[in-house]
Amino acid sequence: MAEADGGCGVSLLPEEVKKDFPLLQRTVRGGRPLIYLDSGATSQKPLQVLDAERAFYERHNAAVHRGAHLLAEEATDAFEGARAKIAAFVGAVPGEIVFTKNATESVNLVAYAMSNAATAGPEAARFAVGPGDEIVVTEMEHHANLVPWQELCRRTGATLRWFGLTDDGRLDLDDLDSLVNERTRLVALTHQSNVLGTVPPVELIAARARAVGALVLLDAAQSVPHQPVDVTALGADFLVFSGHKMLGPTGIGVLWGRRELLEAMPPFITGGSMIEVVRMEGSTFLPPPQRFEAGSPSTAQAVGLGAACDYLSALGMDRVHAHEESLTGYALERLTEIPGVRIIGPGTVEARGGAVSFTVADIHPHDVGQVLDELGVEVRVGHHCAWPICRRFGIPATTRASFYVHNTLADVDALAEGVRQAQKFFGTA
Amino acid sequence: MQLEAMYQEVILDHYRNPLHKGLREPFEGEAHHVNPTCGDEITLRVHLDGADQDATVADVSYDSMGCSISQASASVMADLVIGKSVKEAMAVGDAFLALMQTRGREADLDEDVLEDAVAFAGVSKYPARIKCALLAWMAWKDATARALGEAT
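Chains as they are written, first to last, in our numbering: chain A, 1 to 429; chain B, 1 to 152.
Hints are not guaranteed to be accurate.
[Said to hold, decoys possible] To give an idea of the interface, some chain B residues facing chain A are shown, with a C-beta separation under 7 Å as derived from the structure: (1) Leu3; (2) Cys38; (3) Gly39; (4) Met65; (5) Cys67; (6) Ser68.
[What the hints assert, rightly or not] DSS-like mimics (lysine-lysine), calculated; alpha carbons at most 30 Å apart, straight line: (7) B:Lys131 / A:Lys101; (8) A:Lys424 / B:Lys131; (9) B:Lys21 / B:Lys87; (10) B:Lys84 / B:Lys131; (11) B:Lys21 / B:Lys141; (12) B:Lys141 / B:Lys87; (13) B:Lys131 / B:Lys21; (14) A:Lys18 / A:Lys101; (15) B:Lys21 / B:Lys125; (16) A:Lys424 / B:Lys21; (17) B:Lys125 / B:Lys141; (18) A:Lys424 / B:Lys125.
Honestly, the hints are just simulated from the structure, not real lab data. Here a beta-carbon is modelled for each residue, glycine too, at the ideal position from N, C-alpha and C.
Model the full assembly from the supplied sequences, consistent with the hints where possible.
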């Protein structure tokens, strides 16, 4: 690890960081060292996270928020302690952090709360949408922040509209004022594109949304793991992210929402743990966040995510961001010098994260990925759950490298060398 | 590199110069299949001469987009089934499916049945690519079923 002062005076030391990740020590495909460039899909886990989960099961495991025994107290403390750590990590208060399964479920929670609002009483009426109302998304959304809104519109008769993209993979904001208007009820957009790497000007869009009385939901699945995020500074009403993309376990995600909104929202999933009083004739519900956490929660996973926040905080999110920016800049440089390579997304590191998508002339991304895999370089190929981006750029798919705390400049060199090998193998260069 | 085991010269040849490609008339059945994990697509038409299982596969035409494995597989498949009876062609399809399910284990390859398709044996070692190799075959089965009126 780097110096654990959380500051940004010392740059991050990826070779030291890498020692914390047992999986990154293994070899692949005939003894080659593993070069993992797919953290955008899911991140690997440091020992500190694995140890925290294991310690929870070995020492404190019990059902949380019920039972009067010692273990139940300890398990509840660990679970709520994790909530507090995660809240602090994004500048929120614990009561505004709702645990879900993943970012996808977090988006669905809001979309279904809006559906359910029509029949949930006067307090929830402000969330109801119907014919004449509009939901605004962007053409660069992950399916997780697109399909739930398409479905909400289909169920309610509301209209879905979207921001288009410029040729260099930025949001086209020319029609911001007409697209986000007095009919707009919610703007849902990514805080960092998982394909293009683009970081849209969220504050600008949120200001326009606020001016017309629309809510703003940010898909932060690719931003919270990679840059310092303060929910109070963005102008958003909701923000979602997943644990597994930020060194934490799978099966744990987060919805942050402004307290007064969460308090007025009807539940999405109902059952045990979220009720206040239950009678055969009907039930009342707990305040948030418990109202939105029906059933036994992913307890050890929440504890693991708390440990991941500790780990990232010790590295310092400013340093994490600076490290990835240098890798991204180097990757853009190394890839664009290869004839036939086309970057899909911004060509500079300005307002851009560490997901670098590209095409290689006359070689399908699956075939590029196969050659890279043979060399131990693990990237993602396909449409990356954001199919409309491929349609926008007229390509079937892309190859994507994504970087994290353990990646080095040598990893980028291996990527560029692998692309050249693919060209050699398929006889296109 | 192990790559040569997957990308046999036969596969690369079919990829670079695909046989029977392009959509043609007449046809009795058409199917559009996609691989939702990677976005590969194929639209495939079947023209039969005759009825039921004894009908002859008179033509298979297709328009497709995808990786070398999926494109080569469509070419090899079309070339294999054209001229055979539906029954014979289905048997070849079953043999190819069985080959893909070997996961790279040694298998008794019947080169008389599979012909150029034996080149895909190496693909069966890579679970992520088996779907690529099967895309055209599945579209062909579907289009044939439609041509025979077994599906709507």
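Here is what the structure says about each hint:
1. Leu3: 5 Å, holds
2. Cys38: 4 Å, holds
3. Gly39: Given a least distance of 5 Å, the restraint on glycine 39 of chain B holds.
4. Met65: 5 Å, holds
5. Cys67: 4 Å, holds
6. Ser68: Holds. Min distance 5 Å.
7. B:Lys131 / A:Lys101: Holds, at about 28 Å.
8. A:Lys424 / B:Lys131: 26 Å, holds
9. B:Lys21 / B:Lys87: Distance ~23 Å between lysine 21 of chain B and lysine 87 of chain B Cα, so the pair holds.
10. B:Lys84 / B:Lys131: 24 Å, holds
11. B:Lys21 / B:Lys141: Holds: lysine 21 of chain B and lysine 141 of chain B sit about 17 Å apart, inside 30 Å.
12. B:Lys141 / B:Lys87: 11 Å, holds
13. B:Lys131 / B:Lys21: Distance ~20 Å between lysine 131 of chain B and lysine 21 of chain B Cα, so the pair holds.
14. A:Lys18 / A:Lys101: 27 Å, holds
15. B:Lys21 / B:Lys125: Judged against 30 Å, a Cα distance of about 27 Å means the pair holds.
16. A:Lys424 / B:Lys21: 26 Å, holds
17. B:Lys125 / B:Lys141: Status holds; Cα separation ~24 Å.
18. A:Lys424 / B:Lys125: 23 Å, holds
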